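Q: Sequence:
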Amino acid sequence: MKHILFLLLFSCLAFVPARAQQVTFFSEGFDLGVRSHLGLSASDPIDQARTDTITMLDLSGLSISDLRDIKYLPNIQILDLSCNLISRISDL
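Just so you know, my numbering puts the end of the sequence shown at 92, numbered straight through with nothing missing.
Just so you know, these hints were derived from the structure itself, not from any lab.
Bear in mind the structure is a predicted one, so any value in this text is a computation, not a measurement.
We put the CB at the ideal spot given by N, CA and C, even for glycine.
Each hint should be verified, as a subset may be incorrect.
Derived Cβ-Cβ restraints for the label pairs, each shown as a range [said to hold, decoys possible]:
| # | residue 1 | residue 2 | range |
| --- | --- | --- | --- |
| 1 | Ser87 | Gly39 | 17 to 23 Å |
| 2 | Ala42 | Ile76 | 19 to 25 Å |
| 3 | Leu38 | Ser82 | 27 to 33 Å |
| 4 | Glu28 | Ile78 | 21 to 27 Å |
| 5 | Leu92 | Asp52 | 28 to 34 Å |
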């Protein structure tokens with residue numbers, strides 16, 4: 001009986017979705033641009049699964065000076081960073 005109960009519990013746990021990793025951007029401009037692109041409000045959490053879907057993003061004119069948040073956009077192919085305060089592109 002213990003084995004059956006264990007198997008039932010284990011099989012139910014296999015269907016519990018893993019908790020998505022939440023993204024916290026360093027740059028306010030990145031945060032605003034990604035939220036706008038995803039249609040999220042300022043209070044909605046941003047999870048990595050959603051940022052993984054972004055392949056094109058317009059972050060122009062958002063006073064971005066630091067590109068370290070690019071790590072949260074692993075599938076980005078087209079990124080508009082015009083009219084920002086970027087002086088170093090080593091994070092790209």
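Q: Hint by hint, note whether the structure agrees.
A: Structure-based check of each hint:
1. Ser87 / Gly39: 17 to 23 Å: 31 Å, violated
2. Ala42 / Ile76: 19 to 25 Å: 22 Å, holds
3. Leu38 / Ser82: 27 to 33 Å: Given range 27 to 33 Å: violated, Cβ gap about 21 Å.
4. Glu28 / Ile78: 21 to 27 Å: Holds: the Cβ-Cβ distance is about 22 Å, inside 21 to 27 Å.
5. Leu92 / Asp52: 28 to 34 Å: Distance hint for Leu92, Asp52 is violated at roughly 18 Å.
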